[in-house]
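Novice: Next come the chains, spelled out residue by residue.
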Amino acid sequence: MNKLWLMLVLIASTSLAFAQKGKIKFEEYDLDNGLHVILHQDNATPIVAVTVSYHVGSKNEELGRTGFAHFFEHLLFEGTENIERGEFDTYVTEAGGALNANTSQDRTFYYEVLPSNEFKLGLWLESERMLHAKIEQVGVETQREVVKEEKRQRMDNQPYGSFLYEMFSRAYTVHPYTWIPIGSMDDLNAAEIDEFRTFYKKFYVPNNACLSIAGDIDVKETKEWIEKYFGSIPRGEDVVQPTIVEPALGGEKRATIYDNIQLPGLMLGYRIPPYTEADFYAIDMLGYVLSNGQSSRLNKKLVEEEQSAIQVFAFPFPLEDGGLFVTFAIANAGKQLSDMEGPIDAEIARLQTELISDSEYEKIMNQIENDFVSSNGRISGIAESLSDYYLYYGDANLINTELALYQKVTKEDIMRVAKKYMMKDNRVVLEYLPMSEKPAN
Amino acid sequence: MKKILSITLIFIFAIQASFAQDVDRATRPAAGEARTPEIGNATSFVLDNGLKIFVVENSKLPRVSMSLIMDDGPIYEGNKAGYMAMTGELMSAGTATKTKAELDEQVDFMGARLSVSSGSVFVSSLSKYTEDMMAIMADVVLNPAFNEEQFAKIKMQMLSGLESSKDNPNSINAQVYSALAYGKDNAFGEFMTEETVNNASVEDCKALYNSHWKPNISYIAIVGDIKAKKAKKMVEQYLGAWAQGEVTKYQMETPALPATTNVALVNRDASVQSVVKIGNRIVLKHGDPDIAPLSVANQILGGGMNGRLFTNLREDKAFTYGAYSGYSVNEYVSSFAASAEVRNEVTDSAVTEFLYEINRIRTEDVTARELELAKSGLSGSFGRSLESANTVANFAINIERYNLPADYYQNYLTRLQAVTIEDVKRVANKYMEYDNLTICITGKATEVGNLGQFGEVVYYDMYANVTEAPMMAAPEGVTAAAVIQSYIDAVGGTEAISKLKTVDSKYNVTVSGMPVTLEMRVAKDLVKGYLYEGMTMGDQVMQATVVNGKTGTQSGRGQSQPLEGDELASKMRESKIAFDELLYSSEDYVLELVGMKNNEGTMVYIVDVTEVASSEKSTNYYEVESGLKMMTMTSQETPQGPMSLTNSFSEYKAYGDIKMPSKMQLAAGPQVLNFELIEFTANKTFDKSLLK
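Which chain is which? The protein sequence lines are C and F, in order.
Residue 1 is where the first sequence starts when you use this note's numbering, and the numbers rise one by one after that.
Residue 1 is where the second sequence starts when you use this note's numbering, and the numbers rise one by one after that.
It is possible that part of the hints are untrue.
Below, simulated DSS-like cross-link-like pairs (lysine-lysine); rule was C-alpha separation at most 25 Å, straight line [as the list claims (entries may be wrong)]:
1) Lys419(C) - Lys408(C)
2) Lys317(F) - Lys148(C)
3) Lys576(F) - Lys506(F)
4) Lys166(F) - Lys438(C)
5) Lys128(F) - Lys25(C)
Treat the hints as calculated values from the structure; they're not laboratory data.
Make a model of the complete structure from these sequences and hints.
Specialist: Encoded structure:
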């Protein structure tokens, strides 16, 4: 059989599939077992993204057993009852596709991008994972070591690599957001195989998942095959998401972290509400005002004019139960953290007392529109967006309407959220200093 | 009839059964018909000034991006390395009519992007702002301000960037690898440092712009929601006046491969993982027929999750989060290299596996399955890349720039399909070296294991300068006295040594560059304090030192003089001791544990021993594992100034209850003396005739 997929692309698209440029049309429905399905047809390029999102992340873990959700992300490549260990990725590569996954505090996302004539392969692979993934000792042992290396590579061996860990462990103390998805090596070492199997049975069920497919499909045909592969997967117990409420921070928390860095770094994390709350759009826009583009407030002040920072970012880190608004600034050689903290505080104070200008407002609206359009450039991105909008908001159509929600935010709203959330007693401040500045004991 | 009926019934049941079943989960579903859509096109134009324009229409999203690329080639920056990068930054930092702040504001206001490098300009925006962005692009290209203040700021940022990269093991390793694989004397191996960045001035940026920013060597790709004719008109309007000019092409010699495998180690105490890169330079130009087979060979070796490197180092051994290989295509030179970040303790084992896999693909046929899988992976990746209209634009530019056939990319899959197992082996041998590799590792030297097995380990700093093996602190609890005691224990122990009354050692001595063999004899009566140390050539006594318990003489070539003062005292002490270390605990000596380091593959403690009376210092290396002394280094005053003397000890052997090095080497500058212990006797009566 000719496995080689001869493909020459159709680029010039005179397709009339989109009467309104950029609008994403899709269908969605539920299977009897609770699996939510979203389908977006786009026949421009003969590829398809098959994705499954499980509503389980690090916040569903228990103290003492952190890192499970992310660990599962690795485990689920190890094989199923019908797929031998090591064969999962081979099937995809052989078909000319790519695959990967990612885990957050709130959900775990798996995807394959395949040539469109292989969409059934994607359905088979993902349904196999959902129905009967193999949780075996050899897989667990291998992936334990791999995850340790991942942690070392991403966090321990990287300058400032520990900042999310340091930030979240202080910003949240009661809610599971206090730990980060990679979890603790000790917990992973201590976990028994039965605990992994229990986790799987509890969370990897169709009623806790969303199957989102975008690309060159025929919707009718796809629905038939979805029923064949996923229809008979039994519904699981209802999954109850944690309802822990993190109390207010109750006062600024500061810490100094000595790290293997040369340039000091300043990180501020302000507690923000869940991103499904109405205030979120205004908070996101604060990020645009402060650091999107070189003419943004913090860039202009710290990088261009005062030259105290080599880089500065301000952006929300949104989470389902409430996240952080993060400001991250790295000092130029020879500059101190205090050279940056003062001006950053001053800019935030300005936002709390003065409305942004009309032209600034128009500027960020244009930027948001631009980003919105760009985010729908790839079908894998579209599939993920549809899935996330459904999972967090219960409304996949936000992929088309969210821009309008941003456009509803007023200058007054922006000032209001700055006043409400960007308060010193609502923030964690981390000072990252070079090891050489650590006082000798 | 019955048989036919029963068969028919079975058949019917079988059909019914398959309808009842949803789907056969045990096997992978069959693929459908592959779609063969139409070929995409780029429309091309050339302006009078030589600027080539490529337009790819795609109205799926209301966006347009424009990339202007100058084919100005690499440039060797030399002692001002960094000015090219600064030129790019500077050119988006203001034009004749706009300050940086104004430019930033304008771009940001449209929600657009502008980025400039030393040889390119990239803009993207919503299609309604296309002409505005074209105007900005042209302004940047034609009227850069080269503002001094901006330059100073950029320089400072560059220096900060260099500062921060000092702690980034990935940048350190990449930098040192390139410097070694290509040499520092060309555009590919050089890198910027604080010094070179400080040497650069605005004038250098202006000169670069004036000499290299010409339309006749440039290409502009316009992709997105715009009609080709309109795009051409727009470019003509804004960049038509850009004046052309001659641009000199960079020339360089192809760097040689190293004669043997180089093992380079950059020490980083803070590392919990080693960054490992193993490779060699290659010459592989665009359009080379080896590209397709090499892409397949690379895919098999280290192209992704199915690569041999990933399967071996991650899935099988769990050394790493990921191990891959890669190469690039370049008109001058590039590299084939395999790399990974592995935890400290398995660094040497990881290198073993890398070499094993490189060797395997060179010497054994890959399997038909691997070949097929690699081709599928590559064709899939090619296909997915075509989701982006920019890919088609890049193809069009490449065809023009590198004189490729017009159907080069259309035939990509055909070329790929034609690769055979023999092809893979051939290119593996041609492009993946095995004996002439550069193995570059940035990691914690004390924990990387034995790298000496792969070649001579040379330590480098992050600037690819050869440096000393790093000194590290000895572990908590280790003291100089303890190290000395370990040595004493290793050579027999205090009790066994105390049983020695006399010792007599005879050595054969060879001198570098001299065809003769000398003999050396050291005989001591430890109780009476007699010492004889003599070097003879045949019957002739070259030099002899004698101590008889009270006095001492030094003689040679017929002359003799008495030993006096500190020298005599020192020799008298020596005459009573078989091992100098026994003296070190006394008040006559001061000890200092300097640290620990990796000495040519062996971890050693370094102890400074100072004789109080003479202030003479010896730096001694003791092997951590065995306790045995490996080396002593002293400095001797000569008429020509201080000279360093290194005494090395090896091949310790047991002589009764005592251990002695059967081989010694004394190096004094270029002179090297090798001593072989041919006879050792203990407790035989001291030969008094030696005292004459």
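Novice: Are the hints correct? Go through all of them and say.
Specialist: Going through the hints against the structure:
With a CA separation close to 19 Å, the supplied pair Lys419(C) and Lys408(C) stays within the 25 Å bound. Pair hint Lys317(F) plus Lys148(C) holds up; C-alpha atoms about 13 Å apart against a cutoff of 25 Å. Taking the CA atoms of Lys576(F) and Lys506(F), the gap is about 18 Å. The hint holds against a cut of 25 Å. A threshold of 25 Å between alpha carbons decides the hint, and for Lys166(F) with Lys438(C) the separation of about 18 Å falls inside it, so the pair holds.
This hinted pair checks out: Lys128(F) and Lys25(C) have alpha carbons roughly 23 Å apart, not beyond 25 Å.
In summary, this structure violates none of the numbered hints.
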